[in-house]
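Engineer: Generate the whole structure from the sequences, applying the supplied hints.
2 protein chains.
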Amino acid sequence: MLVGLSSLLCVAVAFTGLTAAQGPDFEAATGPVANQVVHGIPAVNPVKEPWIWPLPQNWKRGPKTLKVGKSIKFKGSGARLPIVSKAIKRYQSLIFKKEDWPMIPYNWTTTDSKARNTLTTVSIEVASKNDRLDMDTDESYSLDISEDGKTSLKSKTVYGALRGLETFSQLVQYNPEHRAFYVPNAPWKISDYPKYKHRGILLDTSRHYYTIAEIEKIIESMSWNKLNVFHWHMLDSTSFPYVSKKYPQLAAKGAYSPGHVYTAKDIKHLVQFGKERGVRLMPEMEAPGHSTAWGYGIPEIASCLNTQPYMGYTIQPPAGQLNIAHPKTKEVVHGLIDEWAELFPDSFFHAAGDEVIMPCWANDTYIQKYLKDNDMTLMELFHKFAIEMEDHVRSKGKTVMVWQEMLLEYHVDLPKDTVVQVWIGASGVKEVTEKGYRTVVSAQDHWYLDLGFGRPRSNPWAEVQGAGFNHWNRVYSYDMRTNLTKAEADLIIGAEATMWGELADANNIEDRLWPRAAAFAERLWSGYENPKGEALTSAAAIMRLLPWRERMVLRGIRAGPLGQGFCTRNPLDCFQPPYKPPTPK
Amino acid sequence: MLVGLSSLLCVAVAFTGLTAAQGPDFEAATGPVANQVVHGIPAVNPVKEPWIWPLPQNWKRGPKTLKVGKSIKFKGSGARLPIVSKAIKRYQSLIFKKEDWPMIPYNWTTTDSKARNTLTTVSIEVASKNDRLDMDTDESYSLDISEDGKTSLKSKTVYGALRGLETFSQLVQYNPEHRAFYVPNAPWKISDYPKYKHRGILLDTSRHYYTIAEIEKIIESMSWNKLNVFHWHMLDSTSFPYVSKKYPQLAAKGAYSPGHVYTAKDIKHLVQFGKERGVRLMPEMEAPGHSTAWGYGIPEIASCLNTQPYMGYTIQPPAGQLNIAHPKTKEVVHGLIDEWAELFPDSFFHAAGDEVIMPCWANDTYIQKYLKDNDMTLMELFHKFAIEMEDHVRSKGKTVMVWQEMLLEYHVDLPKDTVVQVWIGASGVKEVTEKGYRTVVSAQDHWYLDLGFGRPRSNPWAEVQGAGFNHWNRVYSYDMRTNLTKAEADLIIGAEATMWGELADANNIEDRLWPRAAAFAERLWSGYENPKGEALTSAAAIMRLLPWRERMVLRGIRAGPLGQGFCTRNPLDCFQPPYKPPTPK
Chain E
1 MLVGLSSLLC VAVAFTGLTA AQGPDFEAAT GPVANQVVHG IPAVNPVKEP WIWPLPQNWK
61 RGPKTLKVGK SIKFKGSGAR LPIVSKAIKR YQSLIFKKED WPMIPYNWTT TDSKARNTLT
121 TVSIEVASKN DRLDMDTDES YSLDISEDGK TSLKSKTVYG ALRGLETFSQ LVQYNPEHRA
181 FYVPNAPWKI SDYPKYKHRG ILLDTSRHYY TIAEIEKIIE SMSWNKLNVF HWHMLDSTSF
241 PYVSKKYPQL AAKGAYSPGH VYTAKDIKHL VQFGKERGVR LMPEMEAPGH STAWGYGIPE
301 IASCLNTQPY MGYTIQPPAG QLNIAHPKTK EVVHGLIDEW AELFPDSFFH AAGDEVIMPC
361 WANDTYIQKY LKDNDMTLME LFHKFAIEME DHVRSKGKTV MVWQEMLLEY HVDLPKDTVV
421 QVWIGASGVK EVTEKGYRTV VSAQDHWYLD LGFGRPRSNP WAEVQGAGFN HWNRVYSYDM
481 RTNLTKAEAD LIIGAEATMW GELADANNIE DRLWPRAAAF AERLWSGYEN PKGEALTSAA
541 AIMRLLPWRE RMVLRGIRAG PLGQGFCTRN PLDCFQPPYK PPTPK
Chain L
1 MLVGLSSLLC VAVAFTGLTA AQGPDFEAAT GPVANQVVHG IPAVNPVKEP WIWPLPQNWK
61 RGPKTLKVGK SIKFKGSGAR LPIVSKAIKR YQSLIFKKED WPMIPYNWTT TDSKARNTLT
121 TVSIEVASKN DRLDMDTDES YSLDISEDGK TSLKSKTVYG ALRGLETFSQ LVQYNPEHRA
181 FYVPNAPWKI SDYPKYKHRG ILLDTSRHYY TIAEIEKIIE SMSWNKLNVF HWHMLDSTSF
241 PYVSKKYPQL AAKGAYSPGH VYTAKDIKHL VQFGKERGVR LMPEMEAPGH STAWGYGIPE
301 IASCLNTQPY MGYTIQPPAG QLNIAHPKTK EVVHGLIDEW AELFPDSFFH AAGDEVIMPC
361 WANDTYIQKY LKDNDMTLME LFHKFAIEME DHVRSKGKTV MVWQEMLLEY HVDLPKDTVV
421 QVWIGASGVK EVTEKGYRTV VSAQDHWYLD LGFGRPRSNP WAEVQGAGFN HWNRVYSYDM
481 RTNLTKAEAD LIIGAEATMW GELADANNIE DRLWPRAAAF AERLWSGYEN PKGEALTSAA
541 AIMRLLPWRE RMVLRGIRAG PLGQGFCTRN PLDCFQPPYK PPTPK
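Chains as they are written, first to last, in full-length UniProt numbering: chain E, 1 to 585; chain L, 1 to 585.
Certain hints may be false.
Note: identical chains are not told apart, hence a pair may lie in one copy or across any two.
Said to hold, decoys possible - With a Cα cut of at most 25 Å, we get these calculated SDA-like pairs of lysine to any residue:
{"hint": "1", "residue 1": "K48", "residue 2": "A489"}
{"hint": "2", "residue 1": "K154", "residue 2": "D112"}
{"hint": "3", "residue 1": "K217", "residue 2": "R555"}
{"hint": "4", "residue 1": "K197", "residue 2": "L491"}
{"hint": "5", "residue 1": "K268", "residue 2": "W101"}
{"hint": "6", "residue 1": "K67", "residue 2": "S146"}
{"hint": "7", "residue 1": "K197", "residue 2": "N483"}
{"hint": "8", "residue 1": "K97", "residue 2": "A213"}
{"hint": "9", "residue 1": "K73", "residue 2": "K486"}
{"hint": "10", "residue 1": "K97", "residue 2": "G259"}
{"hint": "11", "residue 1": "K253", "residue 2": "Y106"}
{"hint": "12", "residue 1": "K156", "residue 2": "G259"}
{"hint": "13", "residue 1": "K435", "residue 2": "G425"}
{"hint": "14", "residue 1": "K150", "residue 2": "E125"}
{"hint": "15", "residue 1": "K253", "residue 2": "G565"}
{"hint": "16", "residue 1": "K98", "residue 2": "K253"}
{"hint": "17", "residue 1": "K217", "residue 2": "A506"}
{"hint": "18", "residue 1": "K73", "residue 2": "S191"}
{"hint": "19", "residue 1": "K245", "residue 2": "W101"}
{"hint": "20", "residue 1": "K372", "residue 2": "Y410"}
Treat the hints as calculated values from the structure; they're not laboratory data.
Structural biologist: Below you can see the structure in the form of structure tokens.
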């Protein structure tokens, strides 16, 4: 059934010395591939770029094939650093995953079928022992593989080493025909770094609960995609899973059950788990909106708690948000900030401030009286609450992040060091940056990965599609810099793809996230152009995303397919010129 | 954290002697439920209908609670029949699944908190030993549970007994508070039967391959939903996984790999696996369109094989369909029909006939010459091929099923015993039945479960949403009988939800299928009205679908959530009047 190596070669020799500069073009390769793939393992898969996801900034490959030893030794001072040595253990298993009948064939772009040399050792050097992880942590690395197999990974920090290890793991490929592992296209010269500093995924653990193991798996798969921020939207109206030391009744009454909670121990564990993978955990304290569940444990801090029918009092059931006039509310919110500021070492802290429903407060007699007694407007009271909350976060030495409404809709007077997260639509990026604020982009029309499955509203009658599904290429094609000046674009510190919980939980989240979050991840790491200024196109990306999805599946992630299996196996027969990507609407 | 039983009771007594006729209405229950759920296990979940999915035709429940013994004995002559005794083994494990912190609370609709009696034995009587499974197989059953625990399941066939066992398994509920199993609301009187005979799911195993174990799991979960037809779309243009005895080269060259195949042994195994669960396996021989992969093994039977660029020659890559003029083609197709007619004992055989691309044939020199020599039009040749193929299927004593184009677009003169499968849209149901043909409905605008994830086309540039996602309620709300006369509606023998393979494979199919295929399944089994003529509404259905989805997850199916967890836990707070379902557009 399989083509003998000899016949593979006669095609392979057509392609020599592939580098970023020169390489076979699609048309040239279409013929032989189209004729061969259906008979088994294709002789060639002449993609212009190496099968590395996200694509490194600078790379150069050659024509030689290296055999990879049964196990690889990782040496050098860097390999002995705790975070790196733990990562090495993980990659020793990730590198050597076999698949007897892969849909993605062995990547035979090399011209040298005979592996004369063997890669046995990777030497790792890390310049600094400082393993502090934060937004400004240097993640750059360089990876060199000589044609005789000498491999050297160098980085400034342990986190750069983690990124380099991931890249290295993707260079190793299993050839089911030889039942052996190879690194094709040596020698390799890679020097790499991220285009954006903040590369995140938001997970909503209130609408649906995720176990610690489930969150670990998400963080782990994020690290493979070189994502570095886990935005933990832990709390919302639907449940209060955080077990507070000072206010245990919040989870006792507000969690879905005593089994659906996160303790301080859980959080510390996940912070460390993330750190060992170069993923920061940024907490979001959703307040004063989206906070019904707080009221079950401490009723006096809630307004319009469980008002029925809920329409008009909330975006979705149940109705209820924090009573921003009650002194107890400020005490509880600030108390929880104290706890989280300690549990989450990250310098970023999300203070939310989205989607507050004024009628809920306007109809609250306590608030009405407070406004009257203090001769205040509701908006003034809201501003006071929000500013005090954010100042309290700042008092912990944290950078405050908020949702866009705080600036664009509620016009809260935000200090210029506030980071504003855009979500309502791409247009918000311009509005925020032209005001001079740094931004994290989560435009729902491109980077909300939970949409497209009917109205997120909870009533069962939804006939409408709800917001549209963001197809992988819609995710990939969105340029955050659209309509921005250079100065405005420089205020984009990064972006987050969001996974809200109305219609996602542990049963389907892996398919919801992947491979679309990988398409997102490449934009954040690799950017929109390579250092030569050449655009990274989805036409080229699909050739790398297909094998990357297969590799993620092999690693145990239930990522959905990008298209029919035929196109995974024969990309050149499916994805060719002259089809040009239309500009996203 | 949990509410004591005493406090549960004070609410529970509000509801007495629930039956289909009388029961608590939503409004009455909203108060106490809304106040209680957030504190732990709700005291009541007063749904109008029992937590059985799909809903039985006739049911009556009472106020008593039965304890269920650690294991249940199944007695009676019926329990000893091979198919039933095997099912009993499965249900002994399905019935006793525990969940410590369920999102769906124990269904405390009974007024009697104290379980005075214990259910220890189920006696099963099956009238006929004949275990032939086909469209006209009787699946009716009656299930009686007395208030002292005596349980009797009666059916005409073993398949009725299977349906009854499933219903029984759903009556048993685990109470995590007592750590015990109960049957609430005894005495029970259930007599049940399906409204439609053909209740299927189509699986495409060509665009993506599914292992035998993966197909087993789909068939198993189908049986829980009382679905009874597995429409096996085994072949398509993308791969040819069937290992033919007579033409082994078809799979050898046309399968994705030697590991991506189905042998005669595999098929026999799955046919038996399905039979033991009351699920018929109906094969579809996709021809003469969608058949590129045949050409890799036997090139002379293909037209426009791998024509590049493919646009215009195929709906999606790769280009190629059967050469309907070549004598070898008829020989191969009829030869495979001979093999499948034996391997698949079912009396239904799907002869496809959809989406042929005329330009592919019009540009084939062999076909052009044949038409000239025989003074024939292309459409005449196509009709000849199709009619000969279908007649050959009939010669095996099978009922022929075809896709709607054969009748409505290609106007093939189909014998009246042909069953026409509608897929292009709901309007096709009228067009087919007014011509007097029996139909199986798979209207893509409601019952295609693979859509909504971008264009199913393989190119990477898709920005459009593609066809819309069919939300569970859109699936549930579609009435096949719309605009039909009684006589036309009587020609609907059933329906199939389809799972085409462009964007689904084993990694995401469980979320793609469930719970939407369950909503579909209830329409097919329970119909649109109960025997009293009262409409089955989605407002009532969601109250039962929520716990059913949770039960399926507990049974190991990765079904997606129907809404935020709060609504699973507190359905009455989310799904209330006055929201009325809009009529589907």
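Engineer: Is it within, between, both or neither when you check K435 against G425 at 25 Å Cα-Cα?
Structural biologist: within (17 Å within a copy, 50 Å between copies)
Engineer: Within a copy, between copies, both or neither: where do K197 and N483 come within 25 Å Cα-Cα?
Structural biologist: Within. Shortest intra-copy distance 21 Å satisfies the 25 Å Cα cut-off; inter-copy 59 Å does not.
Engineer: Which holds for K67 with S146 at a C-alpha limit of 25 Å: within a copy, between copies, both or neither?
Structural biologist: Within one copy only: 13 Å inside, 71 Å across.
Engineer: Give the relationship of K217 and R555 under a CA distance limit of 25 Å: within one copy only, between copies only, both, or neither.
Structural biologist: both (11 Å within a copy, 22 Å between copies)
Engineer: Quick one: K372 to Y410, C-alpha cut-off 25 Å, is that within a copy, between copies, both, or neither?
Structural biologist: Result: close within a single copy only, 21 Å intra versus 76 Å inter.
Engineer: When no copy is specified for K253 and Y106, does a C-alpha distance of 25 Å or less occur within a copy, between copies, both, or neither?
Structural biologist: between (54 Å within a copy, 18 Å between copies)
Engineer: Which holds for K217 with A506 at a C-alpha limit of 25 Å: within a copy, between copies, both or neither?
Structural biologist: Answer is both: 10 Å inside a copy and 19 Å across each meet the 25 Å cutoff.
Engineer: Given identical chains, is K253 near G565, meaning Cα to Cα at most 25 Å, within a copy, between copies, both, or neither?
Structural biologist: between (48 Å within a copy, 15 Å between copies)
Engineer: Within a copy, between copies, both or neither: which one fits K156 and G259 at a CA-CA cutoff of 25 Å?
Structural biologist: So K156 and G259 fail the 25 Å test inside a copy (42 Å) and across (45 Å) alike.
Engineer: Between the shortest in-copy and the shortest cross-copy C-alpha distance, which are at most 25 Å for K97 and A213: within, between, both, or neither?
Structural biologist: both (21 Å within a copy, 22 Å between copies)
Engineer: For K97 and G259, with the copy left unspecified, which applies at a CA distance of at most 25 Å: within, between, both, or neither?
Structural biologist: So K97 and G259 pass the 25 Å test across copies only (17 Å; inside, 35 Å).
Engineer: Up to 25 Å between alpha-carbons, please classify K197 paired with L491: within, between, both or neither.
Structural biologist: within (11 Å within a copy, 62 Å between copies)
Checked against the numbered hints listed earlier, the structure breaks hints 1, 2, 9 and 12; every other hint is satisfied.
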